[in-house]
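Colleague: Given the coordinates of chain H, assemble chain A onto it according to the supplied hints.
Those protein sequences? They're chains H and A, same order as listed.
Using our numbering, the letters of the first sequence correspond one by one to residues 1 to 286.
Using our numbering, the letters of the second sequence correspond one by one to residues 1 to 173.
In short, the hints are calculated from the structure, not lab data.
In this text, all values refer to a predicted model and were calculated from it rather than measured experimentally.
Only some residues are given here: those of chain H computed to face chain A with a beta carbon under 8 Å:
# : residue
1 : Ile38
2 : Ser135
3 : Ser139
4 : Asp208
Cβ coordinates follow ideal geometry from the N, Cα and C atoms, glycine included.
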Amino acid sequence: MATARPGWSRRAQYGLFFSFLALIAGIIVGAILLALSILAPARFESVRGAALDITGPVAGGLREVTATVEGVFTGAGNYWDAAGQNGQLRRERDEMRRQILQARAIVQENRELKAVLQLREHQRDTIAVGRLVGSSLSSPRRFAILSVGSSDGVRIGMPVRSPNGLVGRVIDAGTIASRVLLVSDRANIVPARLLRGGIPVISQGRGDGTIDVRPLEVGRNPFRRGDIIITSGTGGLYPPLVPIARIVKLDDDGAVAMPLADPADTSFAIVEPPYEPAATAEASSP
Amino acid sequence: MVRAALATKRKIGQGPRPLAAFIPAISIIAASLLAALPVVTTSGWFPDFGFLALISWRLLRSDPWPAWWAAPMGLVNDLFTGLPIGFSVALWTATMLALDLVDRRTMWRDYWIEWVLAAMLIAIDEWLQWRVAAMTGARVPLVAMAPPLVISICVFPLSAWLVSRIDHWRLGR
Numbered sequence: 001m002a003t004a005r006p007g008w009s010r011r012a013q014y015g016l017f018f019s020f021l022a023l024i025a026g027i028i029v030g031a032i033l034l035a036l037s038i039l040a041p042a043r044f045e046s047v048r049g050a051a052l053d054i055t056g057p058v059a060g061g062l063r064e065v066t067a068t069v070e071g072v073f074t075g076a077g078n079y080w081d082a083a084g085q086n087g088q089l090r091r092e093r094d095e096m097r098r099q100i101l102q103a104r105a106i107v108q109e110n111r112e113l114k115a116v117l118q119l120r121e122h123q124r125d126t127i128a129v130g131r132l133v134g135s136s137l138s139s140p141r142r143f144a145i146l147s148v149g150s151s152d153g154v155r156i157g158m159p160v161r162s163p164n165g166l167v168g169r170v171i172d173a174g175t176i177a178s179r180v181l182l183v184s185d186r187a188n189i190v191p192a193r194l195l196r197g198g199i200p201v202i203s204q205g206r207g208d209g210t211i212d213v214r215p216l217e218v219g220r221n222p223f224r225r226g227d228i229i230i231t232s233g234t235g236g237l238y239p240p241l242v243p244i245a246r247i248v249k250l251d252d253d254g255a256v257a258m259p260l261a262d263p264a265d266t267s268f269a270i271v272e273p274p275y276e277p278a279a280t281a282e283a284s285s286p
Numbered sequence: 001m002v003r004a005a006l007a008t009k010r011k012i013g014q015g016p017r018p019l020a021a022f023i024p025a026i027s028i029i030a031a032s033l034l035a036a037l038p039v040v041t042t043s044g045w046f047p048d049f050g051f052l053a054l055i056s057w058r059l060l061r062s063d064p065w066p067a068w069w070a071a072p073m074g075l076v077n078d079l080f081t082g083l084p085i086g087f088s089v090a091l092w093t094a095t096m097l098a099l100d101l102v103d104r105r106t107m108w109r110d111y112w113i114e115w116v117l118a119a120m121l122i123a124i125d126e127w128l129q130w131r132v133a134a135m136t137g138a139r140v141p142l143v144a145m146a147p148p149l150v151i152s153i154c155v156f157p158l159s160a161w162l163v164s165r166i167d168h169w170r171l172g173r
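Just chain H, same shape as in the assembly (with noise of 0.2 Å):
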């Protein structure tokens, strides 16, 4: 239909007529599917959860190839400076020894508080541990793709950590795969406080892979370069002490945070339950 009039027919000028026609109610039928997709979430779930069947065993498959490709090399470039690299590790490995031992001391002593002070611990337990597969690639917002669904009992709403930090919770569960919103999307807002201190503190993603931190009462900027964020438990959907981000640079009243679970390089995430069960009703929205 490039042509302005495609002749004298009658029949091709229809045909052109009724193909303009179908592209109106095409972008009409659009634009009331996204105002539904983006006032109402929910009602697009299950249809989502159906296309991440198709999408998350492809990516699965991929990623088996690339890491194995990116193994090697990162094996290969590890050899280069072997010597250097071993005394490294083992003054590491002395320095985390004694801090251990002191973490035991510590942890010991907390039992004995706690049990002192009659507190009720969370039982805190594990509903599925799958592998991030792919990511949204073109978007402002910060998609990944996990290899578990609701088949393995993960529900919308769940917390999703890996064993260095927190990586984001469950927005779309499809029965083998589903889709997390990372800590580092816009919209993903965290409660969190600071480690040295205790000061509560306010986590937003930028969108780009780093974490905007506030602190919750405005004065003087409490941030230093390599602090580290945890999660606070409050609003009851991350549950408390997973460590989120570390402070890489300060800004006026805040400070951007590299997240501790890069979920590039994180090869196993845990989906946790919520820690107050309620709080998935809200969390649910993307």
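Modeller: Chain A only, in chain H's frame:
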């Protein structure tokens, strides 16, 4: 097509491939599926492969598929890339319509005009993605959209070249 007329002489006995009429649509769905690449990025600066393939095909030919196919192909793209459902449906159909109108206006076309057109369409796409992200609670600064925009515009010639190769292959030229 003028560029085809400039090509070397055709091979005798070789016609279009089977399903030649569906190959453009299939290639676009394949491009959308690139979103399943096992790349976990922290920045999201990859181009919108499906949209790039769509405008490459549409700028190369005026009738790669019946115009309304843009809507279902957009739905497939939405499902695979994780965009809000309906975004690509509306944007892709509107793009088809806009390019039809542009076709009526332009007297002549060359590579530069096509690139500028593509750049404008990509900019609209990125801006709308930014708007929709802001509406769903992820208001990032507009400057953050500049790197993916520049990357997409630079990748367009490559995608246009690939699409023209696929077009030659499917028509058996």
